[in-house]
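J.: Spelled out from the first residue to the last, the chains are:
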Amino acid sequence: MALNSQGRPTRMAENLSTGGYADTFSGSRGLDQSEPLIFERGRSDNTGVDLPEPKGKTTRLGGLDRTAEIGLPGLAEPEAMRHYVRLSRKNYAIDLGLYPLGSCTMKHNPRLNEKMARLPGLADIHPMQPQQTVEGAIELMGELAHWLMTLTNTPCVALSPKAGAHGELCGMMAIRAALDARGETKRRRVLVPESAHGTNPATAVQCGFTTDEIPADATGRVDLEALKAKLGDDVAGIMLTNPNTCGLFERDIKTIADLIHESGGYFYCDGANFNAIVGRVRPGDLGIDAMHINLHKTFSTPHGGGGPGSGPTVFSEALAPYAPVPRVEQTSEGWRLIEQEADADGEPFGRMTAFHGQMGMFSRALTYMLSHGADGLKQASEDAVLNANYILARLKHVMTPAFDGTCMHEALFDDRFLKDTGVTTLDFAKAMIDEGYHPMTMYFPLVVHGAMLIEPTETESKSGLDRFCDVLEALSEAAKAGETDRFRAAPVHAPTKRLDETQAARNPVLRWTPPVAAAAE
Amino acid sequence: MRYLPLTDADRAEMLAKIGVKSIDDLFTDVPQAARLGGTVDLPNHMTELEVERHVSKLASKNTPASSVPFFVGAGAYKHHVPSTVDHLIQRSEFLTAYTPYQPEISQGTLQTLFEFQTQVALLTGMDVANASMYDGSTACGEAVVMASRVTKRKKAVLAGSLHPHYADTTKTLCKYLDIDVVSEPARHDGLGKLSDHITEETACVVVQTPDVFGRLHDLEPVVKAAHDKGALVIAVFTEPVSLGLVKSPGEMGADICVGEGQGIGVGLNFGGPYVGLFACKNDRNFIRNLPGRLAGETVDADGRRGFVLTLSTREQHIRREKATSNICTNSGLCALAFTIHMTLLGEKGLRQLARLNHETACDLADRLTSVPGVELLTDSFFNEFSLKLPKPAAGVVDALVEKGVLGGVPASRLFPGALEDVLIVAATETNTEADLSAFADALKEVL
Chain U
932 MALNSQGRPT RMAENLSTGG YADTFSGSRG LDQSEPLIFE RGRSDNTGVD LPEPKGKTTR
992 LGGLDRTAEI GLPGLAEPEA MRHYVRLSRK NYAIDLGLYP LGSCTMKHNP RLNEKMARLP
1052 GLADIHPMQP QQTVEGAIEL MGELAHWLMT LTNTPCVALS PKAGAHGELC GMMAIRAALD
1112 ARGETKRRRV LVPESAHGTN PATAVQCGFT TDEIPADATG RVDLEALKAK LGDDVAGIML
1172 TNPNTCGLFE RDIKTIADLI HESGGYFYCD GANFNAIVGR VRPGDLGIDA MHINLHKTFS
1232 TPHGGGGPGS GPTVFSEALA PYAPVPRVEQ TSEGWRLIEQ EADADGEPFG RMTAFHGQMG
1292 MFSRALTYML SHGADGLKQA SEDAVLNANY ILARLKHVMT PAFDGTCMHE ALFDDRFLKD
1352 TGVTTLDFAK AMIDEGYHPM TMYFPLVVHG AMLIEPTETE SKSGLDRFCD VLEALSEAAK
1412 AGETDRFRAA PVHAPTKRLD ETQAARNPVL RWTPPVAAAA E
Chain Y
-7 MRYLPLTDAD RAEMLAKIGV KSIDDLFTDV PQAARLGGTV DLPNHMTELE VERHVSKLAS
53 KNTPASSVPF FVGAGAYKHH VPSTVDHLIQ RSEFLTAYTP YQPEISQGTL QTLFEFQTQV
113 ALLTGMDVAN ASMYDGSTAC GEAVVMASRV TKRKKAVLAG SLHPHYADTT KTLCKYLDID
173 VVSEPARHDG LGKLSDHITE ETACVVVQTP DVFGRLHDLE PVVKAAHDKG ALVIAVFTEP
233 VSLGLVKSPG EMGADICVGE GQGIGVGLNF GGPYVGLFAC KNDRNFIRNL PGRLAGETVD
293 ADGRRGFVLT LSTREQHIRR EKATSNICTN SGLCALAFTI HMTLLGEKGL RQLARLNHET
353 ACDLADRLTS VPGVELLTDS FFNEFSLKLP KPAAGVVDAL VEKGVLGGVP ASRLFPGALE
413 DVLIVAATET NTEADLSAFA DALKEVL
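Protein chains in written order, with our numbering: chain U, 932 to 1452; chain Y, -7 to 439.
It cannot be assumed that every hint is accurate.
On the chain Y side, residues computed to face chain U include the following (Cβ under 8 Å) [as the list claims (entries may be wrong)]:
(1) Val47
(2) Gln103
(3) Gln109
(4) Gln111
(5) Leu208
(6) Glu212
(7) Thr290
(8) Cys326
Hints were generated in silico from the structure; no laboratory data involved. For glycine and all other residues, C-beta sits at the position ideal for the given N, C-alpha and C.
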């Protein structure tokens, strides 16, 4: 007699397929739970906080009381907890797997950093407290400054820029200020390699410059002859990423620096890819005048779904006088914070932001640096470069590397291996989602067709890289074998299918509106 | 090293697969002169315990806001943040995700940004908001640039009671864009003749309310004066909690509203990271000129609702030198903290929190002005006000530190060489009766 004939079935019913029941009544799919907007769930008379009852005294608002309903829904704590935890599960994250976004340096975010940044002595202090009550914070900024200046061999750092692009702006403003101080009113052209991040030209324009693109040579680096042809007395400087966005070290970097300096311009280095060389190469030794450092890339502060970042910017002797306020300076009595332009040496070009910069990121980045030390940072860059080259070596037979030879911390492929398969770079990336991976950077840099830029970082294990390469190999072979449906329909195992970005842009819906109001429109 | 998974055996095997002898062979493109022989001149790695000791020692030299009677504001405010907020933002899926460039596996971030944008629009009384900026001051600068682009005019007028860091940040951002930014002289007694300085060439006028001295402003007269000349009004705030009690910039007719969101969900952090709020009217020209990221609603291939980053043709990664700004991050995690705290508050909690702040500040103002020689300068305020003292405020603040009270910001720290007898004082729901009387007693003693 079969066991359990009336109770729980122990095997699948025959001929049962999931196909007919793909749509559930709830909209959820098992652990992937459907979650409405808070505006569809919360109520303005509900709240998840307990506060003392106000005493109802007369107000001193000058008659400016807000009387109309605001319309902000509230949720009790357990409801709020579920809402956000459910939403969180629809995100990919470094803690879930390899996040090989080229030029983004998605490395492990140590939790010690989080713990240190939350110490009340660092998290619960106000930027306008009297300085004698925050001496440890100023010392921490000083210590971070010391590490950054030592790692780059530069004499000055502005800590306040709030992100990489903000640091670029800081660096280019210092260049503009230095040119203005020299009375150079003609120098307004900035040379930007065509492989540059989009922020570079956008930043140059914000400083009143025009940009002039330098082509790449056949090896993926700046075409030195083209660069020479573009030099002149109207050139303000160059913005160069090194290692560049093709994942290659600019071999001629010292020559480029010399050429720019001889022609009277300055050298801005985009430090987005500092992770490849930190502890092994000091950018100051390469002749740079300014470089921002993404603490959220190289020094592991979390990306947080798109910020906050932090972009301290180092300067050469030539640009140091123009660094913005606030500044931290070492004196015989320790570090001090200079808040006003009048109190600073040189001619600061201004102020990038209120207060003193991203202190929460400074605490995390310093914690990371202390954990690694000089030896660990060097090992980390070496492992980052080793991991990228290992991927390149493992995949070069099935995918098409954009350039010959080895790479630095990221491996660049183009889409030649997908030629005539009907599969695009985008399709390939979306199929990676189904395999449990976040795609690499796609269609950037612009210098190669259908670019795929893979940056594994140093915090991936060899076995993890092997699994990743196995999957990319299998996908490449599937594409070549004509399994186009696998790619064009992808992703099918993500919380949503492919989203219609064209519709979103054509008919922008940027906020929730109440159904009644929507119907009235 | 605890964060590096490769073993020496792995490294050897990988080098062999790559086909090189040593790691140095992968760095041969580096010019010989720039290759470091050993390591940089910094200490070597530390254990987790050693790092904790080192950083904790630095932290212990500071005086946390929660450890003393604390009344410092001027752009950042001490509020209680529910523990749920910090727990949720430390979820790996939020904390360690990148910008949501792959929307199919980023719906968590994208939906919360869409909710954030809606909350900011409701809070400010505006139509639409972006996915956040670095902070209030940079949002202010970007708003002026946007106003200049929308109006095709090159002049901006800043009220004298705008936070000086905001004014300086704005001037720096506009410096090389040929936008002429003029600040009115510092004043704590209202807007003066601000409207008289608006001309047919003015792109925008920037007014903060509550202003840096704590004073509230009715924006309607300025809005009328500006609109008569075809100029825009940018309303600025540094305390988002005020909007639970005070009429919103949108209700008063502002065109763009920017502010610091730190007061909801985000700790003091010695000045950053914070979260800039940026909202404006629903005007096609405005939206096409917005800086920063935007989350928008769409559908997936099955017709289900989903969210994506949208209108990216404004942004640097598509438009390069023609972008509306060079920004490529928002303040994602801080925006998440803001939106979670706002969801926990709801309108009911926000209004209650705002009322508590106001009442505490009213109570404190009464106590402090009963100290002989102390005069209240701001006849309207939310949770921050300014006092005229019989002595220079900087010295008074230092003397209060000796009494164990952090008693506000001397105006001269923000406006060097001016307003030396003015003290800017903030009070929030975190201040107890005992804090208020400690402050009043200490002030009496030091004056």
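J.: Next step is simple, just say for each hint if it's right about the structure.
T.: Here is what the structure says about each hint:
Look at Val47/Y: its Cβ gets to within about 5 Å of chain U, closer than 8 Å, so that hint holds up. Nearest Cβ of chain U to the Cβ of Gln103/Y: about 6 Å, under the 8 Å cut. The hint holds. About 5 Å separates the beta-carbon of Gln109/Y from the nearest beta-carbon of chain U, less than 8 Å, and the hint is met. Of the supplied interface hints, the one on Gln111/Y holds, with its beta-carbon coming within about 6 Å of a beta-carbon of chain U, less than 8 Å.
The beta carbon of Leu208/Y comes within 5 Å of a beta carbon in chain U, closer than 8 Å, and the hint placing it at the interface holds. Evaluation of the Glu212/Y hint against chain U yields a violated restraint, the C-beta minimum of about 10 Å exceeding 8 Å. Because the smallest distance between the Cβ of Thr290/Y and any Cβ of chain U comes to about 4 Å, under 8 Å, the interface hint for this residue holds. With a least beta-carbon distance of about 6 Å to chain U, the hint placing Cys326/Y at the interface is held under the 8 Å criterion.
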